[in-house]
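Asks: Sequence:
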Amino acid sequence: MSTPTRPLRPSANADTPPSSWRRFWRRVDAGIGRYTPRDITRGTLVLAFISLVTEIGIIVTGGAVRLTASGLGCPTWPTCTDDSWVNTPEMGINGVIEFGNRLLTFVVGLAALAVLLWVWNLRKSHPSIFWISVGMLACIPAQAVVGGITVWTQLNPWVVAFHFLVSSVMVCFATLLVNRVAAEWRHRQSAANPTAVVDGPTSPVSRALAWVIFVAGWVVLYLGTVVTGTGPHGGDADAPRHAFDPLLVTRLHAFPVYLMTAAAVLLLVVVLRQQSSRLQRISAWALVAVIAFQGVIGYTQHFTGLPIGLVILHMLGTGLVVWAMTTAWDRQVSDYRVRPAAAAARS
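Its first residue numbered 25, the sequence shown is counted upward by one per residue in this note's numbering.
Worth flagging that the hints you see were computed from the coordinates, not collected in a lab.
All of these numbers come straight from a predicted model, not from anything done at the bench.
Beta-carbon label-pair distances, calculated as ranges:
| no. | residue 1 | residue 2 | range |
| --- | --- | --- | --- |
| 1 | Ala-313 | Arg-265 | 30 to 40 Å |
| 2 | Gly-329 | Arg-62 | 47 to 57 Å |
| 3 | Gly-57 | Ser-214 | 21 to 31 Å |
| 4 | Ser-214 | Pro-113 | 48 to 58 Å |
| 5 | Arg-305 | Phe-130 | 33 to 43 Å |
| 6 | Asp-53 | Pro-113 | 43 to 53 Å |
| 7 | Thr-177 | Ile-56 | 33 to 43 Å |
| 8 | Asn-217 | Arg-62 | 16 to 26 Å |
| 9 | Ile-56 | Pro-270 | 48 to 58 Å |
| 10 | Val-239 | Ile-306 | 20 to 30 Å |
| 11 | Arg-265 | Leu-134 | 33 to 43 Å |
Glycine included, each C-beta is placed from N, C-alpha and C at the ideal position.
Can you make the complete structure from the sequences, with help from the hints?
Replies: Structure below.
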């Protein structure tokens, strides 16, 4: 007696016509791929640098919005007013500053989109570069939504902090992208160049210090937002503030700064002693220099009553700290290796 069998489900094969969605995707893929390079080019490197600069810049301009009390210069979102998408003359300079910062978000978004489109054909040959580009672009709508919530909550300091941290994540992504694209480009220029982001010797000590710096750096950034949310520059005269003791949260913020500084100095000593590569030495020196710059500005602004000019410099220093700590970490622990041009072309 034979056992009844289930009817076989039709399987997709070459004879099965593609779905409308698949046909649409193929057209998009072919259209973008026709006009974008199939390997790392000088244009890839230039676009990666532009994206990094714009993302550090948006931290500075965001700080300028807060420091000029323009956070509610456009009191609604996504429009600027209930009746206008743009600022009006009646809103004065605060409306101009806030709306200008919103426009800069589009500039950052266009830069991230340009990078993603430029590396479109590298999805298989350079997946790390492609997915970092996707992450950078995905942060743009996230930043816009958080910005809208910031306006709706009348500049709640917890939401403002998250708005800043998303910008910092974008700087981190852009730094990783620059490091990888630059390694690929150097190898294209000369096959004798090292084939990895970690292009020199490391040790358990140097890798551990890199992790301490990276983790402590993010703690420093978060606690810095608590200090900012307790301070006088809330973005608007009526913006809510944390009810914490300003001196207490400032000292709390300083503890991970000391840890990060000590780890950065130790990393520099270790890097110099273990005959690391030129780029590893540069990243360690840059980290120490940026921390020193940020520390001098931070202490000066604290003891001089937070003048606006110094606070803006401190915001610039924050973006540079994210860049420097990410690069120092990347040069010690990254497992990214360059894909030879010939292999990339065959993918």
